[in-house]
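Visitor: The lines below spell out each chain.
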Amino acid sequence: MNAIILSAILGVVLMFSGIFFPNKATVRNIANIGMLLLLVANLAEQNGHVFFHINTNDLLSFSKFGLLFNSIAIGSTLFYMLLSGRDIEKVGINVAEYFALIFFVLCGVAIVSCYNSLLMLFIGIEIISIPLYILTGSDKRNLKSNEASLKYFLMGTFSTGIMLMGITLIYGAKGSFRLDEIGYVINAGREVWFATGLLLLLISMAFKVSAAPFHFWTPDVYDGAPTVFTSFMATIVKAAAFIGFLRLFETIFPTSTYDWKLILAVIIAATLFIGNVSAVFQQSVKRMLAYSSIAQAGFMLFALFSRNDMSREGIILYTLGYSLATIGIFAVLIKLKDYTFDGFNGLARTQPVLAATATVFLLSLAGIPLTIGFFAKYFMLASAVKSGAHLWLVFFAVLCAVVSVYYYFRVIQSMYFKEGFAETEEVQPVFRWLLVLLAGAIVVLGIFPNLILQYMYF
Amino acid sequence: MPINYYIFTALALFSIGIIGVLTRRNAIIIFMCIELMLNAVNLLLVAFSKMQLEDMNRGILKIANNGTDAQLFVFFIMVVAAAEVTVGLAIIVMMYRNTHSVDVNFLNRLKN
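From first to last, the protein sequence lines stand for chains A and B.
With the numbering used here as the guide, the letters of the first sequence map in order to residues 1 to 458.
With the numbering used here as the guide, the letters of the second sequence map in order to residues 459 to 570.
Don't read these hints as lab results, they were simulated from the structure.
Please read these numbers as outputs of a predicted model, since none were measured by experiment.
Every residue gets a Cβ at the ideal spot worked out from N, C-alpha and C, and that includes glycine.
Some hints here could point you the wrong way.
[To be verified] Chain B stretches covered by chain A per the calculated footprint, using a threshold of three residues with CB under 8 angstroms from any CB of chain A:
hint, segment
1, 483-492
2, 502-515
3, 530-543
4, 553-562
[As the list claims (entries may be wrong)] Just the calculated beta-carbon pair ranges, DEER-fashion:
hint, chain 1, residue 1, chain 2, residue 2, range
5, B, THR526, A, LEU370, 51 to 57 angstroms
6, B, SER473, A, THR255, 23 to 29 angstroms
7, B, LYS508, A, GLY183, 23 to 29 angstroms
8, A, ASP342, B, LEU469, 48 to 54 angstroms
With these hints in hand, go ahead and build the complete structure from the sequences.
Guide: This is the structure we're talking about:
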């Protein structure tokens with residue numbers, strides 16, 4: 001509750017700060033302090049200090065799991081704003097509004113991680129999506145940004161329409177929007193409505209997390225949006241959609257009599273295949289990262305597939321590891337003048353710190369041991385083995401992970417082993433230290449994943 | 459009137475919306491079709507709300523909300539749809555200023 005209310009208030013505060021403080025640096029500092037406050041408030045709620053006692057009539061239910069995810073999302077956003085705050089200022093003139101929209105997105109994230117009613121799922125997803133349409137199109141003079149924004153908007157609202165139809169059919173079958181009530185209402189005559197509703201809900205959520213075959217908007221939108229906002233969309237927002245999706249699969253999908261595991265297995269296989277194989281053929285690193293985010297979504301879908309203790313731990317680790325690594329690699333990418341693979345040539349000589357940290361981020365994305373990405377992938381695959389169904393999928397995922405090593409290592413190869421002079425924008429010393437801190441966090445969590453996982457239980 | 463009439467009307471509207479989104483090329487018309495989908499859902503929600511109330515009166519359903527929460531849901535959909543209209547039209551206008559067209563066939567710069 002703390003995170004939902006405070007993020008909405010802070011968003012409004014930032015909108016007004018744009019009027020009162022013409023200096024961009026002041027606005028950025030207010031945003032950073034606000035994000036820190038939000039993180040503290042959410043950590044306080046994790047330890048049992050709720051500031052706002054509001055009767056939500058069971059529309060929301062706050063679990064340790066949801067609150068821990070909120071902390072991860074807010075913490076990642078804090079890192080993101082510290083790293084890329086100066087680049088957000090360069091996108092356009094309405095700096096305060098960009099920060100305000102980021103806070104509103106976090107409000108949606110906090111709702112999606114803790115909903116207990118399909119109404120709240122719908123509202124949370126919309127609160128996340130609508131600010132993102134604006135952020136995608138924030139580079140107003142750039143045709144690519146316009147196009148990405150329009151495409152994202154049309155796809156996003158279309159999938160919202162499908163989601164609403166799904167929710168409506170579920171309501172028609174069960175007479176309730178509450179996740180805990182839907183389970184025990186049994187109405188044999190309307191089981192078909194329920195199954196159709198679930199299928200539509202599955203399709204629309206697959207749209208939101210960009211799982212194949214509903215992924216086609218992702219590369220275009222991620223490529224066209226200003227790079228700073230691509231970083232935000234690909235990490236925190238995507239992770240939140242996964243947490244919402246997971247909650248659906250833990251509560252109402254098992255109550256249906258149909259076999260959802262097979263459909264999900266096909267979706268996972270298609271997502272892994274399309275994401276990894278398309279990423280291999282890209283020339284632009286930004287577009288490669290867009291496809292790699294589809295591929296990583298395939299791994300995150302394993303949590304929905306296996307649904308046990310291990311997969312819950314796995315998705316927390318995965319969202320954290322994926323968010324941190326992707327934020328880091330995007331922060332490095334923003335600093336480069338040329339986004340193609342050749343643009344990275346010789347970065348190790350011109351900017352050794354950037355190259356070294358980028359290597360750690362890429363290793364984590366590829367899932368090499370000693371980074372958090374390894375444990376994340378390990379937990380996901382182990383949970384699928386533990387659940388026992390469709391073991392071929394695990395082998396297929398390992399093969400795809402091997403393919404992914406190729407395109408991640410291509411960047412490392414460009415940085416260290418190719419001749420060239422990678423042009424970068426001016427890099428602040430603080431930025432370097434933050435990158436080192438981020439890389440350090442990835443390595444430390446890769447050795448001791450329990451540092452995060454313990455909060456799920458205590 | 460039997461509930462089936464409402465269900466068929468709503469599903470027909472929803473299908474028209476989906477077909478429109480998939481076949482038309484004008485951004486404004488696509489947007490109108492999306493609105494049609496949302497309104498089909500609104501109609502169906504209200505119809506289902508009445509149906510659930512009757513089910514409750516006959517003792518089939520045992521959930522204590524009288525089917526009213528579906529009608530509340532309709533208001534939320536309307537509000538969210540209004541927010542989407544403001545953002546969506548702004549995006550379309552922004553597109554029009556740069557390309558002097560609202561044809562989505564223009565949206566192919568990102569492909570290569």
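Visitor: For each hint given before, does the structure comply? Return the numbers of the non-compliant ones in rising order.
Guide: none
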